[in-house]
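Student: Residues per chain, in single letters:
2 protein chains.
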Amino acid sequence: MTQTERHKDLENYKILHPYILKVFRVLIADLVQQFNGGHPGGAMGMAAIGVALWKYVLNFSPNNPDYFNRDRFVLSNGHACLFQYAFHHLVGYKHMTMDQLKTYHSTHLESYCPGHPENEHPAIEVTTGALGQGVSNAVGLAIASKNLQATYNKPGYEVVSNHTFCMVGDACLQEGISLEAISLAGHLGLNNLTVIYDNNQVTCDGSVDLTNTENMNDKFKACNWKVIEIENGSEDVMAIVAALQKSKESSDKPTFINVHTSIGIGSNIEGQANAHGASFGEAEVDRLHQVYGFDPKNRIHIPEDVYQFFCDISSRGDILEVEWKSLVKRYGENYPELGADFARRVKGELPEDWASLIPKEFPTSDTASRASSGMIINPISSAINSLIVGTADLSPSVNLAYKDKLDFQNPRIKTTCGINGDYSGRYIHYGVREHAMAAIANGIAAFNRGTFIPCTSTFLMFYLYAAPAVRYGALSKLQVIHVATHDSIGIGEDGPTHQPIALPALYRAMPNLNYIRPCDSQEVAGAWEVAIRSKEMPTIISLSRHKLTQFPQNSKRDLVAKGAYSFHKEEDSMLNIIGVGSEMVFAVESAKLLNDRGIKTSVISFPSQYLFNKQPLEYKRSLLKRGKVPTVVIEAYTANGWERYATAGINMKTFGKSLPGPDTYRYFGFESSTIADKIEQYVAEWQTDDQIRLEFQDLN
Amino acid sequence: MTQTERHKDLENYKILHPYILKVFRVLIADLVQQFNGGHPGGAMGMAAIGVALWKYVLNFSPNNPDYFNRDRFVLSNGHACLFQYAFHHLVGYKHMTMDQLKTYHSTHLESYCPGHPENEHPAIEVTTGALGQGVSNAVGLAIASKNLQATYNKPGYEVVSNHTFCMVGDACLQEGISLEAISLAGHLGLNNLTVIYDNNQVTCDGSVDLTNTENMNDKFKACNWKVIEIENGSEDVMAIVAALQKSKESSDKPTFINVHTSIGIGSNIEGQANAHGASFGEAEVDRLHQVYGFDPKNRIHIPEDVYQFFCDISSRGDILEVEWKSLVKRYGENYPELGADFARRVKGELPEDWASLIPKEFPTSDTASRASSGMIINPISSAINSLIVGTADLSPSVNLAYKDKLDFQNPRIKTTCGINGDYSGRYIHYGVREHAMAAIANGIAAFNRGTFIPCTSTFLMFYLYAAPAVRYGALSKLQVIHVATHDSIGIGEDGPTHQPIALPALYRAMPNLNYIRPCDSQEVAGAWEVAIRSKEMPTIISLSRHKLTQFPQNSKRDLVAKGAYSFHKEEDSMLNIIGVGSEMVFAVESAKLLNDRGIKTSVISFPSQYLFNKQPLEYKRSLLKRGKVPTVVIEAYTANGWERYATAGINMKTFGKSLPGPDTYRYFGFESSTIADKIEQYVAEWQTDDQIRLEFQDLN
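Quick note, the sequences are listed as chains B and C, same order. The numbering of the first sequence is my numbering, which starts it at 57 and goes up by one. The numbering of the second sequence is my numbering, which starts it at 57 and goes up by one.
Extracted from the complex, chain B is given alone in its bound form:
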């Protein structure tokens, strides 16, 4: 169907819309009433937006939710998920049967209708719920598409041409993460992105003017967005369609469509905060049915003519996909090399030889692990276009800028510093926007699994700013690699504000996330290999700013994958010392001192608790020898969690201190001779005091 035909279609169906909207709103009220819980108000208020999107604007294929060139839709106000579930049912997604739709808030274990959209289910692009994540994901999806377009499209062969639409509510636009992403999207001129604002001026506390009275349109304009306002957004489907179409045709800016709606429209609490997150009650649902001319006894019912209204969409989607496949085939014939590369990206594969790009050997002189990381990932990033790397304004610090890198940049911008780029670039200046960076990277990764491996970077401490988005990556099983430099107190002068102490405890506790702290260049190489092979999870590679002793005789690149391994083995050792990351040097040196004193000491390298936990019990026991020998972990973080592996620790109990790096270490007792003394005493106590054996000992 051409656009003109579709618009004609729109004229014909004009009288149908009010009816469709009523059916939809009542359906939502019914579904929430069913188990007496959920979020009805927003979904009801957005009904007209939904009709505009799914019936008239979105390019997608219900028979194949994964159709590559589909428009991406993100529901950033994820609590309104019934909106999306109900439209997915109406437009004919096979998985979203009426029975499934009824599982919302039920005890059904295999529901496609959780309380917030989850990307493990068909046709859900990204998991949303915590507000603002979705907006940033949408920016990532738009970046991904823009980059593919610039990389692969040729005149007459627009193999990638999809648009990204993102729904937001009033609350999303208050979250900092959204404001970061909006600022960046405007700068980048992402004309393939439309944010649709469900402007109902109500949040949980009451009217939005309790806490926000800014001029939203002006704010978006100041951020380089096009702004379109829709006054009667609860009803006027055609105006919304026109705005959405216009936004698709924007030449140089993302579009913000400010759609005025009414929360809980039709109900007796329309426009009020309590329409947001609870059922209306049986009587009110009955009343709503009656007012709209429906039978109150006929709950959760969709009349056949409503299905008819949406019935063309499946075949439309089939045609879209057939046409796209045909286009891609012809593209491959005309551009065989690009075509093959594009096919690989669509399949989500890396070139097989990627690992051969990693150097085999590294300098044996002291090397900061952030520098090792650069040596490893730069050649890969340079050669393989699946990598899209970026930084929260720390290019000089994080070593991700590969040779001849081109920035992913708005080509219309000529920067003052003279570093320019275009949309084919794969180096992103995210700005000082750590949270949005991680969420945008999630969006890039979610575009199509494996098509991109996004890498973000900042100081480890600032991954606390990004933590909610890192968590969403873990929850959503997205491959994103976070390059966290300046770990440990070794960063020195920047002081306690910048020295991470407790943060690793979070990331080690987080399901489906691999926090790796390599101790030297070989282990950094191992960490990168693991990260690149981990297709269904994010990885944090934790790196030092300061130079680290290299252990070419001890460190084993391949064994990083086991999480922990024997680093230095003494026969019949009486003691294990666990070394981690930049504190390995203290483990090795204090072990040497202890061996010299006759205490046979082995050293274990322990870059990843996550990976170690996955090893067979036998391997774990043979390494740790729990009960046979004491095991002391040395790490300049709080001990929390190490109690599972070690019997004692040299760790941090307070925040850090601003001193030169070596002095900071010394100030907190990280000095090999001091450590050796403490451990020697501990070993003596361990051998004589049963209670000491049984309790984790903080030796610092």
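Calculated from the structure, these hints are not laboratory results. It is possible that some hints are incorrect.
Copies of the same chain look alike in the list, so a pair counts if it fits in one copy or across any two.
Distance condition first, Cα-Cα at most 25 angstroms in a straight line; then the derived PhoX-like pairs of lysine-lysine [said to hold, decoys possible]:
#, residue 1, residue 2
1, K603, K648
2, K591, K709
3, K670, K533
4, K353, K78
Based on the hints, put chain C in the right spot on chain B.
Tutor: Just chain C now, kept in the frame of chain B:
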């Protein structure tokens, strides 16, 4: 000195300014060169702003950095701390001697010049470093002042009249936390707040237009700020003074002063990114001395006439304080009741009887701990004006809205929902701005220790959004109470996006932070008592949405302060079960089942690891009986960290699931009979298998 006199003064000294600025810039370059590290460029570029502030505008007293009615100055771009340190030296703060100034980036252990400003040192209002924290703190400081003004000031008796000034750089204005705080400050019409933008258009990566090309002035205007632009901000002290004075006189809005400056001004890398965070090198520092007409051999030197320029400030400060004390005295005579209350607030004390406001008894019927919390804190908040509570848009959920509460609100706003307020209100609608909320609360707490006890609130999961600010509270020893409701998987339908699994591991690992999970109303009361008594740290009180069984026979309000205590004691028990928070019911029930099966089982309640860690070793050992009996912890979070206290656990290993609360628990094995079975088997193994005894066992 009157304002007119001061302006006259300004005329006289006009010719001096360029000289002062040069001395200052060279001083900064010298200080950074000294130990070859630090951040020179920003501090140099801001020199004129500093002269305007400290010489002409700020009301403060070098002889008493804690003078109550002082203007508050916040350096949100904390890496430029030399700016503040150097001016503190020049204006005569006693602690900031020349020797101290020289300790920047040194190995000196007792330095007042850490790499970022730290509030433990005199004249530093708040600790800054991670970008954007300071802006939000400044909003908090302005709110605190506004609230005191509205509460205490009387015509002719403006006992509180200070202003808050906050310096920000380009990077601060990219951070989401800043954008949240800016939005709220504009809404609230905080006319006692001035943000000074060091607009040098350079960050670490290069020129700001690499990542941000928005119209900053328009953005602030859209957010209801006054905007003043200063073109020649590196030099024009008088223009800056005029703008700062004007901002102090703003009637209804905060002011944004956009000051165009040049980073590293005077150096050969002026205006470039590498002027940001490294020394210039000996040769360049020499050159700078020469160009400015100073002797290159005379490093870190302040000519006497420069000291002369600033020499009036100490006595000016003394006079300010004397006048203020006199005013407060007369105020107390005229308004004895208010005066006494004000004196208490200035001293930072609570009325002695605050604890008597907590109910002694609670309903024994099942009660959600968020509801218990309301019963406890609402009477205190209502009666005692030191409490200033707020929420990130979750008023209906968090139970902090006390009877007859008045909103802290812009009195010029009449809201659509009809809930209005004024600046004397103590209930803050922070909006959906969790990160800014926590940082603003830090600012309120930092206004003057004990004058306010700010309480924030949102769902526990969203304290991950707020985590960096919560951490700054811990680092800065600020009393803020975070009310975190909807903890555990028990929240049910909202699903894995909202169910915290790993977050408590972070807060339990964080130094100087008390994360408390009370199990019933009495323990909630104990938690609040501890939190209110904890003057030098933040507390997170972790509460359930769902109703919890009450244990009036077992739970002990007073023993919450010990962190863990015997909840149910069996003589000669063979097993401990640790119950925590909303999972206590599983501990008690499974213990009962096990006791029925002949396995004598005691139950320990363990609301706070932080508090337990502070107990004497003897108490810890007598409770846990490590080595004598196995101890199983039951908690629906990841086990990380519990290995220190327990030998096995029924915990979570994955993210949660969207199901009704009881079903979510059941789905993940939290069912007393299942738990009892698992523990029974574990106890049998523990008695026979030495290795099992030695390793923490995940029973789930």
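Student: Work down the list of hints and note, for each, if the structure agrees.
Tutor: Tested hints:
In this assembly of identical chains, K603 and K648 lie within 25 angstroms of each other by CA distance solely inside one copy; the values are 21 angstroms within and 57 angstroms between copies. For a Cα distance limit of 25 angstroms, the shortest separation of K591 from K709 across copies, 20 angstroms, qualifies, whereas the shortest one inside one copy, 35 angstroms, does not. Taking CA atoms no more than 25 angstroms apart as the test, K670 paired with K533 passes inside one copy only; the shortest distance there is 17 angstroms, against 39 angstroms between copies. Taking the shortest alpha-carbon separations for K353 and K78, only the intra-copy value of 16 angstroms comes in at or below 25 angstroms, while the best inter-copy value is 83 angstroms.
Comparing the model with each earlier hint shows no violations; every hint is respected.
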